[in-house]
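Asks: Construct the complete structure from the given sequences, taking the supplied hints into account.
Same order as they appear, the protein sequences are chains L and U.
Every number in the working numbering is 4 more than the matching position in the first sequence, counting from 1.
Every number in the working numbering is 4 more than the matching position in the second sequence, counting from 1.
Be careful, since some hints might not be right.
[As the list claims (entries may be wrong)] Across the chosen pairs, the derived CB separations fall in these ranges:
#1 U:N71 - L:P453: 45 to 55 Å
#2 U:E282 - L:N275: 51 to 61 Å
#3 U:S462 - L:K53: 52 to 62 Å
#4 L:L64 - U:E282: 28 to 38 Å
#5 L:P187 - U:H59: 27 to 37 Å
#6 U:T191 - L:K454: 33 to 43 Å
#7 U:A244 - L:D232: 31 to 41 Å
#8 L:D159 - U:H59: 22 to 32 Å
#9 U:T191 - L:K283: 53 to 63 Å
#10 U:D76 - L:N275: 23 to 33 Å
#11 L:P453 - U:I238: 56 to 66 Å
[Said to hold, decoys possible] Chain L regions said to be covered by chain U (calculated; three or more residues, Cβ under 8 Å):
#12 169 to 183
#13 192 to 199
[Stated by the list, open to error] Derived lysine-lysine pairs resembling DSS-like cross-links, with alpha carbons at most 27 Å apart:
#14 L:K192 - U:K184
#15 U:K450 - L:K93
#16 L:K252 - U:K192
#17 L:K250 - U:K192
#18 L:K149 - L:K245
#19 U:K307 - U:K245
#20 L:K184 - U:K192
#21 U:K46 - U:K400
#22 L:K93 - U:K149
#23 U:K93 - L:K149
#24 L:K307 - L:K150
#25 L:K250 - L:K192
#26 U:K250 - L:K192
#27 L:K184 - L:K303
#28 L:K192 - U:K252
#29 U:K184 - U:K93
#30 L:K400 - L:K46
#31 U:K450 - U:K413
#32 L:K150 - U:K93
#33 L:K245 - U:K192
#34 L:K192 - U:K245
#35 U:K192 - L:K192
#36 L:K307 - L:K411
By construction, these hints were calculated from the structure, which means they are not laboratory data.
Everything numeric in this text was worked out from a predicted model, so none of it was measured.
Note that CB positions come from ideal geometry on N, CA and C, so glycine has one too.
Protein chains: 2
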Amino acid sequence: EFNLPKRYQTPPAQLLPAKNGEEPTMQFLLEVVEILTSYIRKTFDRSTKVLDFHHPHQLLEGIEGFNLELSDQPESLEQILVDCRDTLKYGVRTGHPRFFNQLSTGLDIVGLVHLALQVSLLLVWFRFTYEIAPVFVLMEQLTLKKMREIVGWPDGEGDGIFSPGGAISNMYSVMIARYKFFPEVKTKGMAAAPRLVLFTSEHSHYSIKKASAALGFGTENLILLNTDERGRVIPADLEAKVIEAKRKGYVPLFVTATAGTTVYGAFDPINEIADICEKYNMWLHVDGAWGGGLLMSRKHRHKLNGVERANSVTWNPHKMMGVPLQCSAILVRERGLLQGCNSMCAGYLFQPDKQYDVTYDTGDKAIQCGRHVDIFKFWLMWKAKGTVGFEQHIDKCLDLSAYLYNKIKNREGFEMPQHTNVCFWYIPPSLRSLPDGEERRQRLHKVAPKIKAMMMESGTTMVGYQPQGDKVNFFRMVISNPAATRSDIDFLVEEIERLGHDL
Amino acid sequence: EFNLPKRYQTPPAQLLPAKNGEEPTMQFLLEVVEILTSYIRKTFDRSTKVLDFHHPHQLLEGIEGFNLELSDQPESLEQILVDCRDTLKYGVRTGHPRFFNQLSTGLDIVGLVHLALQVSLLLVWFRFTYEIAPVFVLMEQLTLKKMREIVGWPDGEGDGIFSPGGAISNMYSVMIARYKFFPEVKTKGMAAAPRLVLFTSEHSHYSIKKASAALGFGTENLILLNTDERGRVIPADLEAKVIEAKRKGYVPLFVTATAGTTVYGAFDPINEIADICEKYNMWLHVDGAWGGGLLMSRKHRHKLNGVERANSVTWNPHKMMGVPLQCSAILVRERGLLQGCNSMCAGYLFQPDKQYDVTYDTGDKAIQCGRHVDIFKFWLMWKAKGTVGFEQHIDKCLDLSAYLYNKIKNREGFEMPQHTNVCFWYIPPSLRSLPDGEERRQRLHKVAPKIKAMMMESGTTMVGYQPQGDKVNFFRMVISNPAATRSDIDFLVEEIERLGHDL
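Replies: Right, here's the structure in full:
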């Protein structure tokens, strides 16, 4: 580590804000950069821990002098640097090659560059008018068009916006569908519409349910669709439930096809669902928050066949494509709906008498007012990698999944169902001879949580687990970290065996 | 500028992602830091332009080789650095001391440090469980409690969450109010409730209207309240409209008191509104997105007297407190509502069988799934400035506003109504002798847009304008930039006179 010069004993309040841009503050910033680069080097070093686990009460009590409490008086810059180092020390290194815990992991240096530049752009407030954010407005426009071309809409026609995450993107899709079929709800409320029902997979992301509650449909009017043994929606079940809803006098409005479910990574059959949507005049939304990245791969995009028939698509580059959070797009095939649905024509924000072409002001399409700039990092990564670079990244992640699948397929002590995300149980030797039945289920249910707890305490690797339906807790392996290699997969499997052997 | 070594002619796709953490990529990152620090130095240099204005078509055509289009093949790192510099070059320097355009401006070096560290934390995905984000979950908890103490709720009791901006925070408040009074709407939809009406100032932020559309109330059920000559809600008008709504058989549910309206900076009389809310059993929400920062100032917090009687409060540290976007909190007085309203109990996300105290997992309170980490920068700034530092910042901004007000109060060619935000017309000499009337109004309406266009083209300063009600376009001066001084105020006034003199 480095020694802090005496000048850092000055409280920052005396340097700031008046002296921004002067030498002491710039030097301070450079010291932070030093902390940062040293941290990044360590992140890629497999001999460092993924995390240094402590319980909440330990952190709250102020472990090793790390004091989370806020105070009336300013701290010295020296102390701020110490706080920064402590924050990094007790955080989880989500970019570590052995962190497999979430749908998005890893660290892309070009994404980093964005974040660093964001610093310098002082992106304090973006209403997303061309006036304030000329370059970003255009980057967003070009990138969304490119994404729509990749979805397969002719000439990339349509509309879209970046939102703060897939849950909000999915919420947009429900709002827009309602506006398309019942525009009067905007002014008169849900009372102006008949009883509307929505359909989604029993394995779909919970954000569809959150949207149905928030937007005033009610979760009981979200009808869950049955899935086959691989977790894909059964189209006949959709049609039966649509007919049943109509028989009751309800109006079927909206269907989500999930392209990459959260747990199994299942891809619903979009073409067959689209046929039913056309037949019954329903909005088709494809939730590709997780799986949308596959559209970049010529080898794997067939899993989303039919996506070009969707009315709207959620696609999160911050998941499989490795863009730093947050970066989620909602794409809409019909132009004008997004604006019509959300525009409130606030004269104080969107003055029509500006000197430039105000059709570039995109703010009134959003449910937000100011928006965080999520586009720049994505645009910059696309520049740096090219479309082919994203393709290689996707292909590599799927290759590693296949490697893991093949590795544990016939390995003693592992069991798994057939899914795109590699999901598996580790069966400790003590359970292997037990017959199928309630006792085995109950004991197996406790294995993954125990292994995970040991993993977190030893800090060697991280992988998620969850139950699903009638299946007891199982591990779900998600590979989107560009730094992961086969040796990290080997490590994970052996670590699970080591930790779980005596359970 | 600096010369790029030969190694940057390597396409980044060849360096990335496999070689993250190795020397060439680390060197690349350091070069970006060099761009960044040089940019920051310039930002605080008043001799640089606030912006270098170009029309959309000019940027799209690729001015001076700046190519926004995405391509299949990767670019070289050298080109990526050029792209970064171009992005900065054509962006607006919102941290410039003479940028007064929005409710939030300026650059705080400690906020910067956060962004820099965010880089190193690789904050790619936050579901906001303690598992993934132990330090941030605790920082959020402690900071929200501190904010609730400052609002004045006993012992800082209550609940809250950071959201992606004030519009979403306001949307939360409406959802929570509905859940409190009509919890069955969550499952059964708006059909389960009577006709609900909401009330807000005619000058309130348009996000309340967006929320009423999105959540299924309908904008017609949002009733606008009349304001006095200073833009504050007239309590008697609220009571009359509540009585009228009840007479029609509607159910008055929710009232927003705005603490700092967007244009005039007016503060609604919270205590008188709270009396009416108590009398008629309605939810009181205080939208302090803009004015909440005044709570930090002993001298100015009286403008929010009565805020402790609110059921919920929106407070955006990213506005007057100078925290980099995005940083918006929704605070709720009654604990449990936020969770009850939004929780969907997704077993695959929030496993109850973890080894730590899972009440620290805050994710299921949010309408989002993953959340961007907005807390760290705020926490770090609070550490660095202390509560007293924020107070000084607020006091300084309000002093500068008073300085501007006094400067133009009796100055020839300026007129203004009485508001907290300094709003004013510049009257060019050619209009000064015109009598009040339609011709003067129409000509005056065009003055601010013309001066603004000239400002943007010369790039010397930026200030917003808008019409409001029957008032033609006027300038609105917003001071939240910590780097602004009286000389910048002087400059602005003289620049308006210079640009507008011959109109």
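Asks: Check whether the Cα positions of K184 (chain L) and K192 (chain U) lie no farther apart than 27 Å.
Replies: OK: K184 (chain L) and K192 (chain U) at ~22 Å, within 27 Å.
Asks: Between the beta carbons of D76 (chain U) and N275 (chain L), is the distance compatible with 23 to 33 Å?
Replies: With Cβ atoms ~27 Å apart, the hint holds.
Asks: Can you confirm whether the C-alpha distance between K93 (chain L) and K149 (chain U) stays at or below 27 Å?
Replies: Holds, because 24 Å separates the two Cα atoms, which is no more than 27 Å.
Asks: Is the hinted range of 52 to 62 Å satisfied by the C-beta distance from S462 (chain U) to K53 (chain L)?
Replies: Distance hint for S462 (chain U), K53 (chain L) holds at roughly 55 Å.
Asks: Would the hint linking K250 (chain L) and K192 (chain U) be met if the CA-CA limit is 27 Å?
Replies: Since the Cα atoms of K250 (chain L) and K192 (chain U) sit roughly 18 Å apart, the hinted pair holds (cutoff 27 Å).
Asks: Does K150 (chain L) lie within 27 Å of K307 (chain L) when you go C-alpha to C-alpha?
Replies: Roughly 20 Å separates the two Cα atoms, so the pair holds.
Asks: Using the beta carbons of P453 (chain L) and I238 (chain U), state whether their distance is inside 56 to 66 Å or not.
Replies: Holds, since P453 (chain L) and I238 (chain U) (Cβ atoms, about 58 Å apart) stay within the stated range.
Asks: Is the listed coverage of the stretch 192 to 199 of chain L by chain U valid when you require three or more residues with a beta carbon under 8 Å from a beta carbon of that chain?
Replies: holds (count 6)
Asks: Taking the beta carbons of E282 (chain U) and N275 (chain L), is their distance inside 51 to 61 Å?
Replies: holds (57 Å)
Asks: Is K245 (chain L) close enough to K192 (chain U), meaning Cα to Cα at most 27 Å?
Replies: holds (18 Å)
Asks: Within a Cα-Cα threshold of 27 Å, do K250 (chain L) and K192 (chain L) meet the stated pairing?
Replies: holds (24 Å)
Asks: Given the proposed pairing of K192 (chain L) with K252 (chain U), does the C-alpha separation stay at or below 27 Å?
Replies: holds (16 Å)
In summary, the structure is inconsistent with hints 7, 9, 15, 18, 27 and 29 from the numbered list given earlier, while agreeing with the others.
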